[in-house]
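Novice: Letter by letter, the chains look like this.
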Amino acid sequence: MRYSDLGIGALLLFFSLLAPGFLNNYQLSFLLQVLMMVTLAQSWNLISGMTGYISFGHGVFFGVGAYTGALLLMGGAFWWVAILSAALLAAALALPLGLLTLRLRGPYFAIAMLGLNEVGRILANLWVDLTGGGDGIALSPLLSPVLATNYFSMLALAVLATLGMGWILRSRFGLELRAIREDEEAAEMLGIDTIRNKLIAFTASALLPGAAGAIYAFYTSFIDPSSVFLPALNVQMIVVVLLGGRGTLWGPVLGAVLLMSVQELTWAEFPALHLALLGLLMILLVLYLPDGLLGAWKRIGSRYG
Amino acid sequence: MLWESSVLLQLALSGLLAGALYALLACGLNLVFGVMGVINLAHGELMIAGAFLSWLAYRYIDLHPLVVLPLVMGLLYGFGVLLQRWLIERLTGRDELTSLLVTYGLSILLMNLGLLLFSADFRSVPVLQGGFYLSSLDLVISKPRAVAGAISLALTLGIFGFLRYHRMGKAIRAVSEQPEVAMICGIDVAKVRQMTFGIAAAMAGAAGVLLSILYSFSPETGGEFLLKCFAVLVIGGMGNFLGALLGGLLLGLVEAFVGGFFNVQWAEAVAYLLLVLVLLLRPGGLLGQRHAVF
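Sequence order for the protein chains is V and W. Using our numbering, you'd call the opening residue of the first sequence number 1 and step up by one each time. Using our numbering, you'd call the opening residue of the second sequence number 1 and step up by one each time.
It is worth saying that the hints were derived from the structure and are not from the lab. Worth double-checking, as some hints may not be accurate.
[To be verified] Label pairs and their calculated CB-CB ranges:
| id | chain 1 | residue 1 | chain 2 | residue 2 | range |
| --- | --- | --- | --- | --- | --- |
| 1 | V | Gly76 | W | Tyr215 | 42 to 50 Å |
| 2 | W | Arg59 | V | Ser226 | 22 to 30 Å |
| 3 | W | Cys185 | V | Trp167 | 47 to 55 Å |
| 4 | W | Leu280 | V | Ser171 | 28 to 36 Å |
| 5 | W | Phe122 | V | Asp183 | 42 to 50 Å |
| 6 | W | Leu56 | V | Tyr288 | 53 to 61 Å |
| 7 | W | Phe262 | V | Leu273 | 37 to 45 Å |
| 8 | V | Ser226 | W | Gln129 | 28 to 36 Å |
| 9 | W | His64 | V | Ser226 | 33 to 41 Å |
Glycine included, each C-beta is placed from N, C-alpha and C at the ideal position.
Just need the whole structure built from these sequences, with the hints factored in.
Specialist: What follows is the structure in structure tokens.
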């Protein structure tokens, strides 16, 4: 991480830490959701932005985390134990999936991930004994942590995700991941263990969505299959990364703040319209702004600066 | 009783007929992949567009789906050509990631436009009822299934013949194998790509019309079928047209037998199990071809 990155990070962190002091509950909830989106987008950035293997079903880890967190909390676990277990379970799910599909080069991973969020929702609906099916799970307010605690947990996750990304971008591991994205065959020829690297990136990228799901469950204190295996969430994290700039450190942060703010002000109330516009935005971004706002900013800067 | 030959024959026949629809849909998807190298994640939505056109014609102007079928194919052909010209053509030569993201965006856009226009309610076009009784074999085949299966098979084989023997079909194959050489030989490569995407869209549209007489559907049904198509593609080999045909029939057969011997919910999961098995054992597909073969 460069000094300027550390500066930006410290400034953002400073405001986020003070935020509960001067924001009302509605504003704090909104900020919590922005931080959640930062976490999810950074995770997606790690597997898809860095390696170019697109995960179309990353929402499944969020959903699994939400159910794990809620069920463990009801079972009497400490909230932070529940969050930790949710993260680990999500990663434990990612590992065999990766083993199956990341051994192969090409589109197989993307295809296998495509319907996974849906599969998660259907299973959560069918497995009534565990999940309560369509009725969902209501958490007693006595059990779940208060809003400020949830806010700080989510902040910790977002910071962890961004720090982790900053470290990976400067590390040999990050370099190897980008080599895979640019030319996997060449990377392999240079002695990079591509399968191992892809597997580590994918498994790690499932950890934080799992934890975020658990915190989200505490925060809303009610979850059901369609609220945590939410198609919109699945799509949002992709659009956020594309908007900000894939494979960059601050792209997901910038994208999350922008997209969540615009959505909050405009079309979040109409689910189908919301998703249709996200789909359109995705096409336009990939075609006309492939390196996102940060990339465009850098290009303009280097032209006039 | 399940092992009686008439029951086995019944399951096999209805499985093959259901599989023919998968084959029709998967062959279009595979054609686009083989020629353009683009995996069209919006293929399922093109099918649903066909299904809704059939429903609209039946509901408002009382037209029989089989009459509408050529019209829908024509409309979707045009739509496919436009999509290729405006959108997909920009993806040629760019990485797989780009084309996946763009067609994923397109799929989300189309599906949600469908939800806005038609809501998430399930529709159907109940025109054919009852069954054909084959007295010599002591079999009953439901009429919609027989008609949809036969038309799917005829269309798929027809397109296969077109690709293999017609001049334009040969041009499509040339572009898929060696775009540069094809261009030097005077083939208008961009035009051929438009035609290819148009044909694939028309096949999806036809599959949609046939779907509308077979099952009830909503704008969200496309995703389900797309996943089955991918199972078919992976089984048959990516880009392999005949492989997709055989893969589709095989998936239909296996689903019918699992549905007959266990239960229907398991049959829904069969596609994923097959996908997983093939990825584990023969990632290149059962026929072992990785690139465009017609």
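Novice: Okay, V:Gly76 versus W:Tyr215 on CB: inside 42 to 50 Å?
Specialist: holds, 46 Å
Novice: Could you check the hint for me, namely that W:Arg59 and V:Ser226 are 22 to 30 Å apart, CB to CB?
Specialist: Taking Cβ atoms as reference, W:Arg59 and V:Ser226 lie about 29 Å apart, which means the hint holds.
Novice: Between the beta carbons of W:Leu280 and V:Ser171, is the distance compatible with 28 to 36 Å?
Specialist: Holds, since W:Leu280 and V:Ser171 (Cβ atoms, about 32 Å apart) stay within the stated range.
Novice: Is it true that W:Phe262 and V:Leu273 lie within 37 to 45 Å of each other by Cβ?
Specialist: holds, 41 Å
Novice: Holds or violated: 53 to 61 Å for the Cβ distance of W:Leu56 and V:Tyr288?
Specialist: violated, 34 Å
Novice: Does the Cβ-Cβ separation between W:Cys185 and V:Trp167 fall within 47 to 55 Å?
Specialist: holds, 53 Å
Novice: For the hint 42 to 50 Å, verify it against the beta carbon of W:Phe122 and that of V:Asp183.
Specialist: Cβ of W:Phe122 to Cβ of V:Asp183: about 46 Å, so the range 42 to 50 Å holds.
Novice: Between W:His64 and V:Ser226, does the beta-carbon spacing fit 33 to 41 Å?
Specialist: Taking Cβ atoms as reference, W:His64 and V:Ser226 lie about 37 Å apart, which means the hint holds.
Novice: Holds or violated: 28 to 36 Å for the Cβ distance of V:Ser226 and W:Gln129?
Specialist: Taking Cβ atoms as reference, V:Ser226 and W:Gln129 lie about 35 Å apart, which means the hint holds.
Taken one by one, the earlier hints fail for this structure only at number 6.
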